[in-house]
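Residue numbers (numbering that gives the first Met the number 0), protein chains in the order written: chain R, 0 to 332; chain V, 0 to 658; chain B, 0 to 282.
Derived from the structure by calculation, the hints contain no laboratory data. Every residue gets a Cβ at the ideal spot worked out from N, C-alpha and C, and that includes glycine. Treat the hints with caution; some may be incorrect.
Partial chain R-side listing against chain B, Cβ under 10 Å, derived [to be verified]:
#	residue
1	Tyr-199
2	Thr-200
3	Arg-201
4	Ala-208
5	Ala-210
6	Asp-211
7	Asp-212
8	Gln-217
9	Ser-218
10	Gly-220
11	Ile-221
Quick list of in silico lysine to aspartate or glutamate cross-link-like pairs, EDC-like style, CA-CA up to 16 Å [to be verified]:
#	chain 1	residue 1	chain 2	residue 2
12	B	Lys-214	V	Asp-627
13	B	Lys-118	R	Asp-212
14	V	Lys-315	V	Asp-368
15	B	Lys-173	V	Glu-272
16	V	Lys-30	B	Glu-160
17	V	Lys-630	V	Glu-99
18	B	Lys-173	V	Glu-264
19	V	Lys-30	B	Glu-157
20	V	Lys-30	B	Glu-167
21	V	Lys-30	B	Asp-164
22	V	Lys-630	B	Glu-212
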Amino acid sequence: MSPEFLYFIETVINGLMSGVMYSLVALGFVLIFKASGIFNFAQGVMALFAALTLVGLQTGQVPFAHLINAIFGTEIHHFGWELPAAVAIAGTLVVMVAFAWIFEKLVLKHLVNQEPIILFMATIGLAYFLEGFGDLMWGSDVKTLNVGIPSGGSFWWEDVTKTWAAEGSDYFGMYIDVLDVYAAVIAVILVIALTAFSQYTRTGRALRAVADDHQAAQSVGISLRSIWVIVWSIAGFVALVAGIMWGSKSGVQFSLSLIALKALPVLILGGFTSIPGAIIGGLIIGVGEKLAELYIGPLVGGAIENWFAYVVALVFLLFRPQGLFGEKIIERV
Amino acid sequence: MTQNHASLDTFPKYLLLNAKRFATRPAMRHKDLGIWQSWTWAEQLDEVRALALGLQAMGVRAGDKIAIVGSNRPRLYWSFAAAQSLQAVPVPVYADAVAEEMAYVLDHAGVRFAIVQDQEQVDKILSFREKIPALEQVIYDEPRGLRDYDHEHMHAFEAVQGLGRARLKEDPALGQAWEAGINGASGDDISIILYTSGTTGRSKGVMLKAVSAVRAAQDTVAFDRLSERDEVLAYLPLAWVGDHYLNYAQGYVSGFCMSCPESPETVSQDLKEIGPSFYFAPPRVFEGLLTSVMIRMEDAGALKKRLFHHFIDVAKQHGEALLEGRNVPFSGRLNYWLGNLFVYGPLKNTLGFSNIRVAYTAGEAIGPDLFSFFRSLGINLKQLYGQTEAFLYVTCQEDKDVRADAVGPAAPNVDIRIADDGEVQFRSPGMFSGYFKEEEKTTETMTPDGYVKTGDAGFFDKDGQLKIIDRAKDVGRLTTGALFAPKFIENSLKFFPNIKEAVAFGDGRDKVGVFLNIDLTAVGNWAERNNISYASYQELAGHPKVYEMMAEHVAETNRKLSEVEMMAGAQISRFLVLHKELDADDGELTRTQKVRRSFIAERYADLIEALYDGSSEKYVETEVTYEDGRKGSIRATVQIRDARTFPVPAGAMHKEAAE
Amino acid sequence: MNAPLKTADLRASERFQMTAHQDGIAKGETLLAVENVSLSFGGVKAITNISFDIRKGEIRAIIGPNGAGKTSMLNVINGFYHPQEGTITYRGEKRSQMRSTDAARQGIARTFQNIALFKGMSTLDNIMTGRITLQKRNIFWQALWHGPAMKEDLEHREAVEHIIDFLEIQHIRKTPVGRLPYGLQKRVELGRALAAEPALLLLDEPMAGMNLEEKEDMSRFILDVNDQFGTTIALIEHDMGVVMDISDRVVVLDYGRKIGDGPPDEVSQNQDVIDAYLGVSHD
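All chains should be built: construct the whole structure from the sequences, respecting the hints.
Shown next, in the form of structure tokens:
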């Protein structure tokens, strides 16, 4: 094989890997949108918050240390112990579920039957609150997250691919980050598990029922409020997974919350209500971005990754507004 | 299994054999509560034995007639074997027969017992109880809704089997005695009485001897190489010879597995799940399938549509050649392989045709395009010609010699001859032994030298395949002297997917007139695409645009007729679209959905008069029967149109001179 | 000829029974009593001082001209509306403020005048949701794919299959209900209500918008449900013929007041009822 072709393959693989990351975030959006019709602007911040909490628990940080120090003049920062990754993850999950429960109690409960735009505004508020709250609780410095997932290039893969190149070409093998591979595998498992859960369990059916018709759901005895807690908990769980992946890759910092913006074009591509759509959309954006960078990038001076996804989304809005897998929007007269 | 072929002359004997040779292989399946339940041959023997011993205790004796009414259920199929094992005679009755029809058959056959599916049938029987004095006991399969009925003469199927099982437990010798009874039975006993649906008058009870029935099935099982590894879905009416022969008789002889659908409405899904290897359907079923496929493609996306049409063209070009093992260029093979991957495979899977090894169609002429469509997908669809009096097969096509316009050479061991007046006559192993209690009709049907008159006119073409033109008595002449074969005309019209049914008139008249029924699915879909709104069949049928469409179809038919020398003189001169669909409940169609021309002529005498007196519309009132037996009426003003005809070409080569 | 058969032996057992909401109330005793109930919306009276009862095992019809307060009455029974005055006694217990999901948990299932099915879900899944209140294992075990939780799901699936069989809708088991014709949707909705094995089944115009044949089918199903499972049914219906045919007792409402109560033939002789129906239309 020629090196050019191998570069192409490498780009596609790397594109798929980063696409999986986009999909993970988009998935959180889809879950909440399907079940409650809410576009959750705070999904990205939830991922950041989850990652912050995870690091905090893992390293034994004292929550609100800054605040406490400022008020009491103390200088505490760490408890002095470190938690194993698994325990810290479980702890974070508990925090996310508690957060979902509190959010339902304090906010959603009072907004039942409001316009979607009101609920959307509520999630914007939530996003800003959570961002500040996260800062206050865990500090605003950039943190490294390590839950034991290996990272760095795979030498084995480099060696294997080196032999593929044509004799005499100076090809050094493909670079693939092991972390990306783990992320992809975990994302696949997550999607399969979520799909199975929603198809074959009572709660899954209840989730779909609520997404379909609130009144009918209530009449068969489904409590909307507990369903909302469940949905937000699951979204929190997905945010945690996304937070772990992104955090392990590029550190836990404020910019993590901006990945939510990357999820938007993915949703437009895949459709707001489709789980497979979120996955495929993420992959398409990931691969498209990387390929565009490789082939068109040199012509326009690079940095295509910053805007490519949005252009694709724009084109889709013009020609297929419901997305690849979304429900067809038919206005009946 | 040839070692004792000759001694196997009843179906219960095959049951005993199969329970040994195929003990653990599936004999029967039935989808119940969403799950396929299955019975091996050994288990099937147990079920039949339990039922037979129960029936015996209830007083069933050799020679008793037992009515069997319902849809395709394992228990009803076991009832056949159980009755036969006691040398009683099963008499299946169409489940959708109205009470009056059913009363006639039950009374004529003199049934002492009736085994029925459910409350619906029980109610029907109770409604004419006094008309059938011979009937003593009714056994029902599904208890639903029957709990509070008087159970003095009524029993649940499982209770009867329970009785049989209890007797067997008490006295195991009964089982041996039962088997001895089967082994001692003679093949000359009547195996079954099948009531024909009858295009005219009352239905007749066709008696078939056990040995004839078994021999006929042995021949066709060998002909199509059916074995215990084959699968069928039994969805045809239980009382029809086709179901009894293709599924029951061939099943017992070959040992294949018969699956019963969950309900009559789920057949298409069950077909997909079972994937039968042997399949039969009348042409109208294939027509319906093609129509639904085409409609679905109309709604598909542009890419899908293009892909579909491209590969269907490929199939048209190469499919049949590949099926028949003829030479196909490599590019053609490759293209077909791709087509199979993207289109034919998934399509066959959706239709439940993935595993078909042999499929037949019969009952009426099948359109060549329709026929080729299915064959080109790689489905070995063939034609046969048959009759209840022959226990089905008279002719059937060989795998490699299949055509749409003929029905094949004589089936194995069948003698066929064409009488002077064109009537097809045959002698066959499965030939009937007479009409029950109707000697004179039996003599009318048989020739003195022992051939059965089919009542169909036909001829052998140069390849030795039989071609049927029409019912012998229906082939008539116009007053102009031109030959008038109504069925030929009707079938030519029915080739158009928009026309569901056609009835042609002209014998003894100066010209040909036809009634048409539009196909509500096809025309309805067309109407939707063209923004034509309609509230009912009647309204759509009378729509001017529909009439325009029909006029085109009729003109095209006339053009085709003008090309056939024999038929050119009897082109359609006037037509109308009927205001209601022809329906078996109104007696316009037979239970097997054939048109009853003379009945229709009588019922719509006003419209026929209007066809011939030149009027352009006619007001009519028609009585209709609803499913529950109530009557109502439909009123309409029916339009009548002149049809475009084509001059009879002087030479056959001369084409399209009309303008 | 052998010994005659004992008829009792020959009755087949019913394959499926509804036992989830047994309450020890004998057939014919009061299951639900409405006493002096009044309901108003912002000063507009929808129901005025109405009392009647529903007895275990009967088919009770609530009829009346348009705007008579029938659906409001059903919503009160179902806990969707809370009456300002009066009491409701269900299974011998006076009912206090309840949430709308509580009714389902107490064995009251209902259908809606304008079908409220989950349009995007299959017939099977729709009916399965009817059993949600009967499923015990919590989300934690379901999420872990825990054996007993899965087994429980299968048992419920079997019960649902019996209902599918009962309503003769096998052919649409996997079809999204949004694609079904109206009559079948009504049937699926009945199926979903039945799946809860209710002690009291509320049907809001089960035959509205149906043709004659569909009405007959639906009447047969309602009678069969009542007969086979002993389910108590309260229904609202416009078609007087149907009501007279299938119900045991009828309550007649007009302008939110009760104007008649009793067996169908008696009620149809009642002068007030005749006036309400034949008199000036309320529309």
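Hints the structure fails to honour: none
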